[in-house]
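Student: Please construct the entire structure, taking both the sequences and the accompanying hints into account.
From first to last, the protein sequence lines are chains A and B. Take the position in the first sequence, starting the count at 1, then add 5; the result is the number in our numbering. Take the position in the second sequence, starting the count at 1, then add 744; the result is the number in our numbering.
It cannot be assumed that every hint is accurate.
Unchecked claim - Cross-link-like lysine-lysine pairs, in silico, DSSO-like; alpha carbons within 30 Å at most:
no. : chain 1 : residue 1 : chain 2 : residue 2
1   : B       : Lys747    : A       : Lys57
2   : A       : Lys215    : A       : Lys225
3   : B       : Lys956    : B       : Lys873
4   : A       : Lys215    : A       : Lys127
5   : A       : Lys66     : B       : Lys902
6   : B       : Lys757    : B       : Lys747
7   : B       : Lys780    : A       : Lys127
8   : A       : Lys57     : A       : Lys127
Unchecked claim - Across the chosen pairs, the derived CB separations fall in these ranges:
no. : chain 1 : residue 1 : chain 2 : residue 2 : range
9   : A       : Asn162    : B       : Phe829    : 41 to 49 Å
10  : B       : Pro819    : A       : Asn55     : 51 to 59 Å
11  : B       : Glu809    : A       : Asn55     : 37 to 45 Å
12  : A       : Val10     : B       : Arg975    : 42 to 50 Å
These are calculated hints, taken from the structure and not from any lab test. Heads up, the beta-carbon is just placed ideally off N, CA and C, and yes, glycines get one too.
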Amino acid sequence: MLQFVIRRILWAIPIVLVVSSITFMLMHSVPGGPFDAEKALPQAIIDNLNAKYHLDDPLWKQYVDYMWGFIRFDLGPSISYRSRTVNDILAQQWPVTALLGLASFGVAICLGIPLGVISAIKQNSLIDYGSMWISMLGLSIPNMAMGPLLIWIFALNLKWFPVATWGSPIHVVLPAITLGTAFMAMFARITRASMLQVVREEYIQTARAKGVREIWVMLKHTLRNALIPVMTIAGPAFAGMMTGSMIVERIFAIPGIGKYYVTSVGNRDYPVIMATTLVFALAVVVMNMLVDISYGILDPRIRYN
Amino acid sequence: MFKERQIRREIRKLSRRTPKAHSLWRDAWRRLIRNKAAIAGGLIIFALIIIAAGANWIAPYTYTEGRIQDNYLHPNSEHWMGCDFMGRDIMSRIIYGARISLSAAFVGALTSFFIGVIYGLTSGFFGGKVDNVMMRFVDIMFGFPTLILIILLMVYFKSTFSVIEPGTFRGVMSAIDRSMGGMFFIFIGIGVTSWLGMARLIRGMVLSVREKEYVEAARAVGAPRTRLLFRHIFPNVLGPAIVAQALQIPGFILYEAFLSFIGLGVNPPTPSWGMMLSEGYVGMRSHFHLVLWPAVAISITLFAFNFLGDGVRDAFDPRQTR
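Tutor: Rendered as structure tokens:
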């Protein structure tokens, strides 16, 4: 187990290296720099600014310096927000996105898995068809359409929730539903399919033959074994939520990292782009690792080697 | 004499009784046709293709220009879906927008399919060291969040190739992109980022098919490598590849909409549903029609592709219970 975790952590190193070097190369091969403005600055000032941010060093040195800083959790200064370091920005924006992501993940799991279980138990009933239609809808309405629709219905017309911005728990509801619906639908569909497959196993028949109550057969014997494929998509789902937050944060004017990322790409704010990309990639790696570990908890037969 | 004739007759009788052999494709097609949801999805997609192809005749107005007195016009008998913030007819823009979404769907699918198939076939067929290196590369690229890579690529393309320099490579690329309203780089972005899963799938399939008896037999009679690959291995991995691609198509539509939403996609005035949504949600409080129609259009399209994709999967893999 420990060995497995260590190996997975080591595996993150090449990923970080490749992600960072591709990002670095793409960023710096783009024409235009962070000091481009409507009114061109005198060359001397640009030279000074470049020297201050070490943008006049050779590229490989900039990259090595950056990675050395990254290892020590020193992500450098932001270029377009002169008074703040990237550490400040991440510390301020990341918790917002993380909270939004967690809330949507909660929506997806707490609604998606029960929906799938109910459909599987009542296979081919009206409830089954109904919930599968709902999940098809959830899968098909992208969050850039879902957000405005929810705002229009629940904020502008019914006035149950605030239209946008961030701050109190009630502000989280609409964005979390917007971001979580598609993943809820995915979880529901996969839970259903996987339950229907597990139900045909012999140990389920054994459990029934022993006289275990049907509800326990379903929840304990079937669901637990059916959860493995569900966990498999949890990793990609998490990554999807991180990037989905770029749109949801824009629509709901939430001060999170996703919205910030898109702006900093436009501003060529190199340190912010690098740091955010790396944090996104690391988050995905960690999430995939947690998913792999969860396999062993769900199914003790799975060994880590 | 008599005995032999009898035997022949018996054989003929028997052969008549054994069911006719069906190809995998015919069976899959039969199952697909019986799936009502998939048929509905297919019909909607067919209608969308007709709309996109005939946009010049169907659309009541032009999508590029509007009249200033029509700004934010609400739906009426002249403009059925109203007008947007520049007085352009929304219905016409929705109709032309079908071109953008559908081409992202099909071209994105084709490019990532070809890259993935070639990569996966090569890796699986050669095996050994080649396979190891090629697959480690795929593993590492999987760590890269797709949307972030697409964003970086789009920024790179948009600013590197935005020059007007006839004759040079950059100039030609940017001319192609401009003539396609910004779609060309979206295609490349989707193609470059979306082949990984396909490559992995194909490579796995090739590894298992390669050891099958019929491939062994073909090798034994001296079939050359290319014949083994294209005649015996490739057709047997094609089915799952098509299923995987059909399930990915909604993702390509979403990529295009996402890029256009954050301003890295099509160039204005090319009407993309994603761009219309991003222009519309700001003025939604008093002009809800600005977001309603593009939202409906993109949702119906995704709905249709999801249903068709599900149908194709069920058709090729009948063990999946419905």
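Student: Work down the list of hints and note, for each, if the structure agrees.
Tutor: Hints, verified against the model:
1. B:Lys747 <-> A:Lys57: violated, 102 Å
2. A:Lys215 <-> A:Lys225: holds, 14 Å
3. B:Lys956 <-> B:Lys873: The hint holds at about 22 Å.
4. A:Lys215 <-> A:Lys127: holds, 22 Å
5. A:Lys66 <-> B:Lys902: holds, 27 Å
6. B:Lys757 <-> B:Lys747: holds, 15 Å
7. B:Lys780 <-> A:Lys127: OK: B:Lys780 and A:Lys127 at ~21 Å, within 30 Å.
8. A:Lys57 <-> A:Lys127: Violated - the C-alpha atoms of A:Lys127 and A:Lys57 are around 66 Å apart, more than 30 Å.
9. A:Asn162 <-> B:Phe829: 41 to 49 Å: violated, 22 Å
10. B:Pro819 <-> A:Asn55: 51 to 59 Å: holds, 53 Å
11. B:Glu809 <-> A:Asn55: 37 to 45 Å: holds, 43 Å
12. A:Val10 <-> B:Arg975: 42 to 50 Å: holds, 46 Å
Hint violations for this structure: numbers 1, 8, 9, all remaining hints satisfied.
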